[in-house]
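Sequences listed follow chains H and P, in order.
Counting in this note's numbering, the final residue of the first sequence is number 1567, and the numbers go up one at a time with none missing.
Counting in this note's numbering, the final residue of the second sequence is number 1567, and the numbers go up one at a time with none missing.
Derived from the structure by calculation, the hints contain no laboratory data.
Warning: the hint list may mix true and false statements.
Unchecked claim - The following label-pair restraints were derived from C-beta to C-beta distances:
(1) Pro1489/H x Gly1475/P: 31 to 37 Å
(2) Arg1453/H x His1538/P: 34 to 40 Å
(3) Asp1542/P x Asp1456/H: 37 to 43 Å
(4) Gly1457/P x Gly1477/H: 29 to 35 Å
(5) Ala1543/P x His1493/H: 35 to 41 Å
(6) Pro1489/H x Ala1492/P: 43 to 49 Å
(7) Thr1495/P x Ser1479/H: 28 to 34 Å
(8) Ala1505/P x Pro1455/H: 26 to 32 Å
(9) Gly1546/P x Pro1489/H: 47 to 53 Å
(10) Arg1552/H x Arg1552/P: 44 to 50 Å
What the hints assert, rightly or not - Derived contacts from chain H toward chain P, CB cut-off under 10 Å, selection only:
(11) Phe1485
(12) Pro1490
(13) Asp1523
(14) Gln1556
Ideal Cβ positions, reconstructed from N, Cα and C, are used throughout, including at glycine.
Protein chains: 2
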Amino acid sequence: MRGLHLTADLFDCRDPDGLMTAGAPLVALCEQLARGAGLSVVGRYFHAFPPGAHGTVGWTGVLLLAESHLAIHTWPEQSAVTLDVFVCNVGRDNTAPAHRLLDALVGHFAPKRVRRQQLVRGIDNADA
Amino acid sequence: MRGLHLTADLFDCRDPDGLMTAGAPLVALCEQLARGAGLSVVGRYFHAFPPGAHGTVGWTGVLLLAESHLAIHTWPEQSAVTLDVFVCNVGRDNTAPAHRLLDALVGHFAPKRVRRQQLVRGIDNADA
Chain H
1440 MRGLHLTADL
1450 FDCRDPDGLM
1460 TAGAPLVALC
1470 EQLARGAGLS
1480 VVGRYFHAFP
1490 PGAHGTVGWT
1500 GVLLLAESHL
1510 AIHTWPEQSA
1520 VTLDVFVCNV
1530 GRDNTAPAHR
1540 LLDALVGHFA
1550 PKRVRRQQLV
1560 RGIDNADA
Chain P
1440 MRGLHLTADL
1450 FDCRDPDGLM
1460 TAGAPLVALC
1470 EQLARGAGLS
1480 VVGRYFHAFP
1490 PGAHGTVGWT
1500 GVLLLAESHL
1510 AIHTWPEQSA
1520 VTLDVFVCNV
1530 GRDNTAPAHR
1540 LLDALVGHFA
1550 PKRVRRQQLV
1560 RGIDNADA
């Protein structure tokens, strides 16, 4: 089992479509982009946090994929979003779909700053 | 927003309790360990994959936490498990609870080899 885990932490999001505080539109967008990237959605769970001091509602959610998962947490009071795309490469290399999904999501939030990181997951170099 | 993302990829799991192919007991264990580590579960979604060539059923699942999430994918045919614990440190430092949860889960699968990695998430060093 080998996999690729991409993360993106978004700051100063302009969020032109108001996705950070949206429920159904956010879920629909995640699913649409995942499928558009060629990944298979097998489940989803999204949870709204109670309104904060500014009255905004943040969301935390996940799409379970046949290839692993997409996780998203929105922080509207900080104009921040965290994204995770984890794909395992069983039967095919899902590197390109993972990048495609993450890039598309980042674009929808229109952040001014992005911190991207990645981990190679799996058996190579496993510790004894 | 600052956070810590811990991953552990487990290989040659002895899996003494048969958790890799369990449904409800796996969910219950994740919830029990998350709560025991002092984290707050706000949702869960687990999905079983169809039986593979060896007749075993793998699981993919997530606990949504007030602090972020726990994700687990089991690969019984490869005796492998991947674990993610992502916590954000809003209001308090969740570093110790995250390690406690991950360590406890790793112990239950009794792997012979573990690959651990971690990412500091959030605003420090954000790219322009």
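Hints, one by one, checked against the model:
| no. | hint | result |
| --- | --- | --- |
| 1 | Pro1489/H x Gly1475/P: 31 to 37 Å | 24 Å, violated |
| 2 | Arg1453/H x His1538/P: 34 to 40 Å | 36 Å, holds |
| 3 | Asp1542/P x Asp1456/H: 37 to 43 Å | 40 Å, holds |
| 4 | Gly1457/P x Gly1477/H: 29 to 35 Å | 34 Å, holds |
| 5 | Ala1543/P x His1493/H: 35 to 41 Å | 36 Å, holds |
| 6 | Pro1489/H x Ala1492/P: 43 to 49 Å | 46 Å, holds |
| 7 | Thr1495/P x Ser1479/H: 28 to 34 Å | 20 Å, violated |
| 8 | Ala1505/P x Pro1455/H: 26 to 32 Å | 28 Å, holds |
| 9 | Gly1546/P x Pro1489/H: 47 to 53 Å | 34 Å, violated |
| 10 | Arg1552/H x Arg1552/P: 44 to 50 Å | 37 Å, violated |
| 11 | Phe1485 | 8 Å, holds |
| 12 | Pro1490 | 15 Å, violated |
| 13 | Asp1523 | 7 Å, holds |
| 14 | Gln1556 | 5 Å, holds |
In the structure shown, a violation is registered for the earlier hints numbered 1, 7, 9, 10 and 12, in ascending order.
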